[in-house]
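Chain B is fixed; fit chain A onto it per the hints.
Taken in sequence, the protein lines are chains B and A.
For any residue, its number in my numbering is found by taking its place in the first sequence, counting from 1, and adding 9.
For any residue, its number in my numbering is found by taking its place in the second sequence, counting from 1, and adding 1284.
No lab work stands behind these hints, which were simulated from the structure alone.
C-beta atoms are modelled at their ideal positions from N, C-alpha and C, and glycine is treated no differently.
Mixed in with the good hints there might be a few duds.
Taking lysine-lysine pairs in the DSS-like style, the calculated list, with each CA pair at most 25 Å apart, reads [stated by the list, open to error]:
| hint | chain 1 | residue 1 | chain 2 | residue 2 |
| --- | --- | --- | --- | --- |
| 1 | A | K1430 | A | K1509 |
| 2 | A | K1525 | B | K121 |
| 3 | B | K121 | A | K1507 |
| 4 | B | K83 | A | K1390 |
| 5 | A | K1395 | A | K1588 |
| 6 | A | K1534 | B | K19 |
| 7 | A | K1579 | A | K1390 |
If you anchor each label on the Cβ, the simulated ranges turn out as follows [as the list claims (entries may be wrong)]:
| hint | chain 1 | residue 1 | chain 2 | residue 2 | range |
| --- | --- | --- | --- | --- | --- |
| 8 | A | T1432 | B | W92 | 48 to 56 Å |
| 9 | A | R1305 | B | L97 | 24 to 32 Å |
| 10 | A | I1511 | B | R88 | 21 to 29 Å |
| 11 | B | V95 | A | R1460 | 49 to 57 Å |
| 12 | B | Y100 | A | G1308 | 23 to 31 Å |
| 13 | B | Y70 | A | R1460 | 54 to 62 Å |
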Amino acid sequence: MAHAHESNVKRIWMVFGLLSLVTIVEVGLGIVKPGFLHLTSFLGTSPLNWIFIILTLFKAYYITWTFMHMEGEKKWFRRSVVWTAVFLICYLVTLLLIEGDYLYETLGPLVKW
Amino acid sequence: MEANIAIPSDGKNTWDGGAVRPFGASYGKMMMWFFIVSDALTFSGFLAAYGLTRFKFIDSWPIADEVFTHIPFIHGEFPMYYVAFMTFVLIFSSVTMVLAVDAGHKMQKSKVAWYMFATIIGGLIFVGSQAWEWNTFIKGSYGAVKTTDGKVLQFVKDGHQIALSDFVVGERMDHRESDTKKNGLWFESGEAVSQYSVAQIIASYKADPSIQIRSEQIDLDKKQKIILSREKGLSELTKGKMVLEGANLKANEYGNTIFADFFFFITGFHGFHVLSGIVLNIIIFMNVVLGTYEKRGHYEMVEKVGLYWHFVDLVWVFVFTFFYLV
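So here's chain B without its partners, still in its complex pose (with noise of 0.2 Å):
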C-alpha cells in the first residue's frame, strides 16, 4: 500500500450515485425504447445499442478506477491489465462478430419462413 490512506468516502458515494443514474438512464431507454434510436441504424446497429454500449462502458470505466482503485497504481502496472485486456477482447469481438454477420448472410436465405 504505497498510496496514501486517504478517506475515499466521499467520493465512493459519489461514484455510487454516478452509476445508479447510468442504470436508471439504461433502463429507462430499454423500456421506453424510443423509435428514433431504437428502430434506425447506425454504423452496423441501433443507435440505441451504441448508447446501451458506451454506458456500459462508462460503467466499467468508474468500476474499475474508483472501487478497483486502478487510479491509485503505477502506470505501467494499470497498463498490463487494461491494455492486455482492451486489446484481446477488442480483437476476439471484431473477428467473431464478422463471423457471425458472414454466417447470416450464408445461411439466412436457406431459411424457409
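Same frame as chain B, now just chain A:
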C-alpha cells in the same frame, strides 16, 4: 545471476513475496489482477460467442423484453425491472465492499466487519434473485409448439402473447399421460408428457378465430416478431411436432435452442462466480472478526477479495447490457 534464479528463502515472508514489490504492488494483489485479466478474457469469450450467434440469427433471436417479464409475487408483465433491481443490489454490494477496504486502511476493525457482512448479504440476495430468475425461465409462462423444421410457434391474441391454458380446450385425443406411481408405474421412467397434445392445440386453434400465431422471424424494420395470418398459421401449426413448456438445454418456448443454452451458461457461470465470491467473503469476514488482520497490521486481504468482488460486479454490468438491453 540473481535475476534469473530462484533465491531460496527460509523467511516467513515467502508467501507474500517478501520485500519484492513489482510495480509497487504486493504479489498477492498483482496476481489477483492478472487472474482477473484471464477471467475477463474467459467471460469475453462467452459474450463474444453470444454475439456471433446473435448476428447469425439476427432475424429470429428472441426479444429479451418478451422473455424476462416477471417480478416475484406480482402478476403481469414488467420487463427489465427485476434485472435492474439485481444490478442495483450488486452495485450496492460493491459499494459496501469498497467501504470495507477503505475502513481497513484506517484499521477500523468493526467497521470492516460490518461492511463485509453487508456485502455478503447483498451477494446472497443477488444469487437468490438469480435462482428465482432461472426457475421462472425453466418453468416458462406461455408454452409454444415446435414444428418438424425446428421453428417455435407462439400464440397471440390481440397482439399479446397468451398461454396455452388460455385457449386450449377439449380432449388430448392421443390418450397419453405421464407415468405415475398411482398407476403402479413407479418403476418405469419415460419422457414427461406435456399438459396438452399438439392435436388438441390444433383443434383449439381452429375453433377460436381470435387466436393467431407469432413466428420467430423478426420484422427488421419494426423490430417485432411477425404475426402470421390465420391460414399461414394453420399450415405452420400442422407441422407441429412437440409442445414446449419452459426451457431446457434441448428446446425452449422462447425460440432458438441456443438462446437458452447461452442464458444458462453465461448467467450460470457468472452466478457461480458470485457464489465463490460469497464464500471468499465469508472466510475473510471471519478472519476480520477473529482479528487476524489486526494482528498482521494491515487489511490487504480485504482489498484482494474486494478486487474479485468488484470484478464480479463488472462482469454483471456487461452481462446485463448484452443479455437484457441490447
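So, going through the hints one by one against the coordinates:
1. Distance restraint check for K1430 of chain A and K1509 of chain A: the Cα-Cα separation of roughly 16 Å lies within the 25 Å cut-off, and the hinted pair is therefore satisfied.
2. The hinted pair formed by K1525 of chain A and K121 of chain B meets the criterion: a straight-line CA distance of about 17 Å does not exceed 25 Å.
3. With a C-alpha separation of about 19 Å, the suggested pairing of K121 of chain B with K1507 of chain A holds against the 25 Å cut-off.
4. With a CA separation close to 22 Å, the supplied pair K83 of chain B and K1390 of chain A stays within the 25 Å bound.
5. The suggested pairing of K1395 of chain A with K1588 of chain A holds, with an alpha-carbon distance near 17 Å, which does not exceed 25 Å.
6. For the hint linking K1534 of chain A to K19 of chain B, the alpha-carbon distance of about 50 Å lies beyond 25 Å, and the restraint is violated.
7. As the CA atoms of K1579 of chain A and K1390 of chain A are separated by approximately 14 Å, the hinted pair is consistent with the 25 Å bound.
8. Evaluation of the 48 to 56 Å hint for T1432 of chain A and W92 of chain B yields a pass: the beta carbon distance comes to about 51 Å.
9. Between R1305 of chain A and L97 of chain B the C-beta distance comes to about 27 Å, which sits within the given range of 24 to 32 Å.
10. At about 52 Å, the beta-carbon gap between I1511 of chain A and R88 of chain B misses the expected band of 21 to 29 Å.
11. V95 of chain B and R1460 of chain A have their C-beta atoms about 55 Å apart, which keeps the hinted 49 to 57 Å range intact.
12. For Y100 of chain B and G1308 of chain A, the Cβ-Cβ distance of about 29 Å falls inside the hinted range of 23 to 31 Å, so the restraint holds.
13. Between Y70 of chain B and R1460 of chain A the beta carbon distance is about 57 Å. The supplied range of 54 to 62 Å therefore holds.
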